[in-house]
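*Asks:* Keeping the supplied structure of chain U fixed, place chain F upon it in accordance with the hints.
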Amino acid sequence: MSLDELYRQVILDHYRSPRHSGHIEKADATAEGQNPLCGDEVTIELRIEDGRVTDAAVRGRGCSISQASGSMMADKIVGLTTDEVDELIHRVKRLLDIEPGDPGVDPDRPGAKLGDLEALAGVRRFPVRIKCADLPWATLQEALSAIG
Amino acid sequence: MIDLSHLRKDFPILSRKMNGKPLVYLDSAATTQKPVQVLDAMDHYYRHLNANVHRGAYLLAEEATDAYEGARKKIAGFINAGSEREVVFTRSTTAAINHIAYGWGLYHLKPGDRIVLSHMEHHANVVPWQLITRHTGAELAYLPLTDDYMVDTSRIGEVVDDKTQIVAISGMSNVLGSFGPVAEAVAAARAVGAISIVDGAQLVPHSPTDVQALGADFVAFSAHKMVGPTGVGALWGRMERLEEMEPAEGGGEMIRDVQLTESTWAEVPHKFEAGTPPIAEAVGFGAAVDYLSAIGMDQVRKHEIEITRYALEKLTEIPDLTIYGPLDPEKRGAAVSFTLADIHPHDLATILDQEGVAVRAGHHCAKPLMRVLGVPATARASFYIYNVPEEVDVLVAALHEARRIFGVA
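If you're matching them up, the sequences are chains U and F in order.
For the first sequence, position 70 matches number 1130 in our numbering, and the numbering has no gaps at all.
For the second sequence, position 165 matches number 162 in our numbering, and the numbering has no gaps at all.
In case anyone wonders, no lab produced these hints; they're calculated from the structure.
Hints may contain errors.
[Claimed, not checked] Here are a few chain U residues that sit away from chain F, every Cβ distance over 10 Å (derived from the structure):
no., residue
1, G1082
2, A1091
3, A1117
4, K1136
5, D1143
6, E1144
7, K1153
8, R1154
9, I1158
10, D1162
11, E1178
12, L1204
13, S1205
[To be verified] With a cut-off of at most 20 Å between alpha-carbon atoms, the simulated SDA-like pairs for lysine to any residue come out as follows:
no., chain 1, residue 1, chain 2, residue 2
14, F, K364, U, R1121
15, F, K364, U, Q1094
16, F, K107, F, E243
Backbone N, C-alpha and C define an ideal beta-carbon position, used for all residues, glycine too.
Next up, chain U with everything else stripped away, as it sits in the complex:
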């Protein structure tokens, strides 16, 4: 049943108990994203030290897909270098069918696992919801591009 693939337990868990939903004082990078058509909102704040994300805060309002995607993203990016975050963004966009190519989640490849984020793959069967899953990632891209 494809609805159960979309609304996996891990998605509902992140929706109801979002991680890293606090606030970072004097963040090094911030961005606000909105989908004006459906009203979903997300705000991202990042602490970046020596080219590495050392803390992230993601807050927002919206559907389970957009909010869970943001929560899982925050979980995943803390500890990564900005280059690694950039690579991750593109892998997620491939996972969501936004960018062409293999998202690289081959279980035999070391370090290839996307973890909870793989649950977002269920959205591919629901094209109108892809933009929901992408909202935090597009916003993250904006936050990073602002610091060059």
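*Replies:* Chain F only, in chain U's frame:
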């Protein structure tokens, strides 16, 4: 219960399947489906009558003009206008309200003047007035809502003060379903010499409309929400108001004479219809009011009361479901907004879609109202003549499925 199910065969789209399930179309407040009678009228126009109107000196152009003006006459009759000259074809309700704003408001409003709206207005009856306040220095004031989701008129005499020039109010909320206090708004406007405008987009399609009895100065509505085509709407105006209103758009068709530096206008209503109008759409609009008249608008209203009562009964039985709107079907139309537990309306819409059920989810072009309600979005099921009680049952079953998927205990 009034049975209009025989009408369903007139709407080809209702036999479609969505995601393998029969389409249950519950988004008629956004746009209604179209019967073959309307489709055929437009097809016939293009196949046999097509020419530009009001300017050709040949028989075909005369026939096209007769079809276009004949539609105007039908619509005038449908709303009991005093004359068909009081019916202006527009692009939509939105365009009609903008025309009043830029054709009347721009020329009559001064700094400090007041425009009174309500908290349940669609953006179409908010944003044009915000734009006009920039040009004129006029200010907006709002009638609030009561706890039972009706416009609060207890202090209307204070809100509609002697600086008020315009009172513009929805005849029926596209979110709450609540009827607007049209009689009170008209009376309050008259008492201070203001004009009154009814956003009739959700009102005219759903119950008998007598613009003379309503008493307002303007009533705006759209064809596509009453089984007609998109791209055409109507602005009814009292003749004396139309005479004092300036055209908001200039161009062909709307002039008497054009000099190098100035022009004079054609007669009402043509002075408001710049450019080639949506002729086939107007013809389809005429066929739509013929279709509704053949059913009888009193029957349409009775059916809506009954299906709304049934829907409200069934929906209130679902645990954790909140309805935003009055629960008395006599006080409201057939648009029912709700939320279910902590399930976001977009998630609800996705789940319902898998069961073939089409509902709206979002802010419904009424963001000020969403803030008053304290929710970012709602789901909305809206019913029309072709909906049957069994479709309410499908909706309710799908909502229970949503509860299961989201693990709502």
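*Asks:* For every hint, state whether the structure bears it out.
*Replies:* These are the hints, each one checked on the structure:
no. : hint             : verdict
1   : G1082            : holds, 21 Å
2   : A1091            : holds, 20 Å
3   : A1117            : holds, 20 Å
4   : K1136            : holds, 22 Å
5   : D1143            : holds, 34 Å
6   : E1144            : holds, 31 Å
7   : K1153            : holds, 21 Å
8   : R1154            : holds, 23 Å
9   : I1158            : holds, 18 Å
10  : D1162            : holds, 26 Å
11  : E1178            : holds, 19 Å
12  : L1204            : holds, 27 Å
13  : S1205            : holds, 27 Å
14  : F:K364 x U:R1121 : holds, 15 Å
15  : F:K364 x U:Q1094 : holds, 15 Å
16  : F:K107 x F:E243  : holds, 16 Å
Of the hints listed earlier, there is not a single one the structure fails to meet.
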